[in-house]
Amino acid sequence: MFVSRSMTRRVVTIGPEASIFEVQELMAQNRIRHIPVVEEGDKLVGIVSDRDLRSALPFRYLKEGVSPEEQERLQRLRVKDIMTREVFTISPAYTIQDALLMIQNSKVGALPVVDEDGRLKGILSVRDLLRAFINVLGIGQPGTLLCILVEEKLGQLKKIVDAITEMGVGFGSVLVARYWEEDKRAVFPYLLTQNVAQVKKKLQAMGYTLLDPMQWYLDQLPEEDRPPDKPKP
Amino acid sequence: MKRTGFLYDERYLLHKTGPYHPEVPERLTAIYEGIDQGGLLEKLIRIPAALAEPQWILNIHTAEYVKRFEAACRTGKQMFDSPDNQMCAQTYEIALLAVGGILEACRQVMEGRLDNAFCAVRPPGHHAEVSRAMGFCYFNNVAIAARYIQKQFGCTRVGIVDFDVHHGNGTQHIFEDDPTVYYYSIHQHPSFAYPGTGREFEYGRGDGYGFTKNSPVLPGQGDEDYRRLLERDLFPAFGDYKPEAIIVSAGFDGHRDDDMSDTKLSTEFYTWMMQQIVDMANTHSRGRLVSVLEGGYCLNRLPELAHHHVEILLNG
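Residue numbers (the numbering used here), protein chains in the order written: chain D, 1 to 233; chain H, 234 to 549.
A portion of the hints provided could be inaccurate.
[Claimed, not checked] Residues from chain H that face chain D, not an exhaustive set, calculated with beta carbons under 10 Å:
#, residue
1, P428
2, F468
3, L547
[Said to hold, decoys possible] Here are the simulated DSS-like cross-link-like pairs (lysine-lysine), alpha carbons at most 25 Å apart as the crow flies:
#, chain 1, residue 1, chain 2, residue 2
4, H, K497, D, K200
5, D, K201, H, K497
6, D, K121, D, K153
7, D, K184, D, K201
8, D, K158, D, K184
9, H, K475, H, K235
10, D, K80, D, K159
11, D, K202, H, K235
12, D, K107, D, K121
13, H, K384, D, K201
14, H, K300, H, K384
15, D, K202, H, K497
16, D, K200, D, K184
17, H, K235, H, K276
18, H, K475, H, K384
19, D, K158, D, K201
20, H, K249, D, K200
21, H, K310, H, K384
Hint data in this document are derived by calculation from the structure and do not stem from the laboratory. Just so it is clear, CB atoms sit at the ideal spot from N, CA and C, and this is done for glycine as well.
Between the sequences and the hints, there should be enough to build the whole structure, so can you do that?
The following block contains the structure:
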């Protein structure tokens with residue numbers, strides 16, 4: 001659950017005095033988009049992203065090349081000239097949830113992981129969070145997803161889990177989606193079986209509503225697409 | 234009329250699965266009875282089942298896996314690798330009999346003694362991985378068959394069409410880096426169906442990149458959607474590839490009355506689809522086609538589906 005477990009430890013870094021072409025090459029070689037800038041002792045002083053790089057290079061450079069004078073000027077550009085100095089960082093002791101919320105709020109693609117002394121310990125990118133999310137969903141292993149609409153009251157999940165467990169079917173994950181209809185939750189059990197027809201029949205016999213797969217959503221709908229709340233009785 | 238082989242053996246009924254299990258022996262008897270209707274059975278050339286020689290199995294599965302499977306059966310285990318794989322003491326031997334019968338069908342088709350064949354076997358195979366049983370499958374029947382055809386008859390291009398409603402993860406993984414076998418599958422979208430693979434962006438890897446193709450179908454979709462995808466994805470791909478033989482993973486579980494899926498195919502659509510596949514075999518593969526049963530669980534529909542399937546093979 002901690003950032004230290006999910007971060008990439010072997011970080012590609014660069015010094016502030018390196019040329020921007022070195023950055024370009026490092027990014028291409030390692031297929032990454034964020035490189036922390038460190039001084040001696042792994043002290044973080046900035047971060048340079050592919051976007052910083054693109055803003056520094058004139059459009060003509062990529063398209064048709066530039067004049068020798070322009071080329072020379074670009075050669076002289078250092079990492080420290082284009083990097084972001086006010087870096088959003090995260091502590092290794094933070095959690096994945098912290099990281100998800102921080103990335104959502106800061107709108108950055110990666111967070112350097114820095115200890116109390118400001119030393120770089122790793123980097124946590126959107127890619128690392130995706131990997132964690134794929135793991136949580138359980139979709140790396142064979143199974144079938146169902147979606148059960150339940151009333152929001154205590155004990156619903158227990159009944160569902162018990163009923164499925166009694167059939168000898170294992171769970172890859174169970175997600176509960178909110179922002180569904182008012183007073184309702186959608187429960188998504190990812191079942192490690194091909195044999196779901198029997199499970200569906202049993203749940204229906206227990207009075208549960210199985211949602212049409214084309215109506216499933218895991219995400220909170222954007223404000224403008226959300227159905228108006230039902231008036232309270 | 235073509236010389237169509239038919240593989241069926243009563244011993245295939247001896248593989249017993251547990252309670253709540255849809256992969257039951259009655260599936261095969263339903264298929265047999267359907268084919269027996271209207272005198273179709275007399276027009277078919279029966280293929281004898283025989284135990285497969287281990288070398289052909291070992292071309293696909295690891296020796297460790299085969300041993301483990303055999304030992305599990307011998308020691309009376311009722312489950313192997315996954316709770317989906319319910320079995321009995323005979324399962325190992327029956328799985329060997331299924332493979333052996335299919336290889337005999339392949340041999341006769343490749344030697345020109347038969348034009349094509351339908352193999353009504355249990356257990357099914359397309360989910361079986363190199364060293365893991367899953368999704369009711371133990372030996373990957375069609376993968377073993379494809380390699381057999383290649384090694385024994387020197388084919389450099391074998392095409393597999395898998396229209397079971399579930400993705401054939403095993404078959405895809407076995408051949409994903411191999412350009413000498415083209416794997417095409419059309420199935421319910423992996424986000425909504427077992428086993429969760431077979432996404433549209435899976436094209437194979439390494440040398441095999443471009444020789445795997447998947448057409449996922451959304452829940453609720455039916456004949457027209459399938460037709461559109463086959464015309465867009467399968468027909469042009471096999472037109473370019475020109476397989477020397479076609480193996481079909483024939484699963485009938487996408488039928489609207491089959492409760493193992495949310496797709497809505499009609500019986501007529503299965504007929505149309507099989508006719509197209511046979512036409513492809515006639516055009517590119519000198520008619521050489523071996524169809525192998527995978528899924529299909531609606532006992533009321535299997536008779537008619539199997540009947541039409543075989544009728545198309547006979548009429549070519």
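Open item on the list: Please list, smallest to largest, the hint numbers that this structure does not respect.
Closed with: 2, 3, 6, 10, 11, 13, 21
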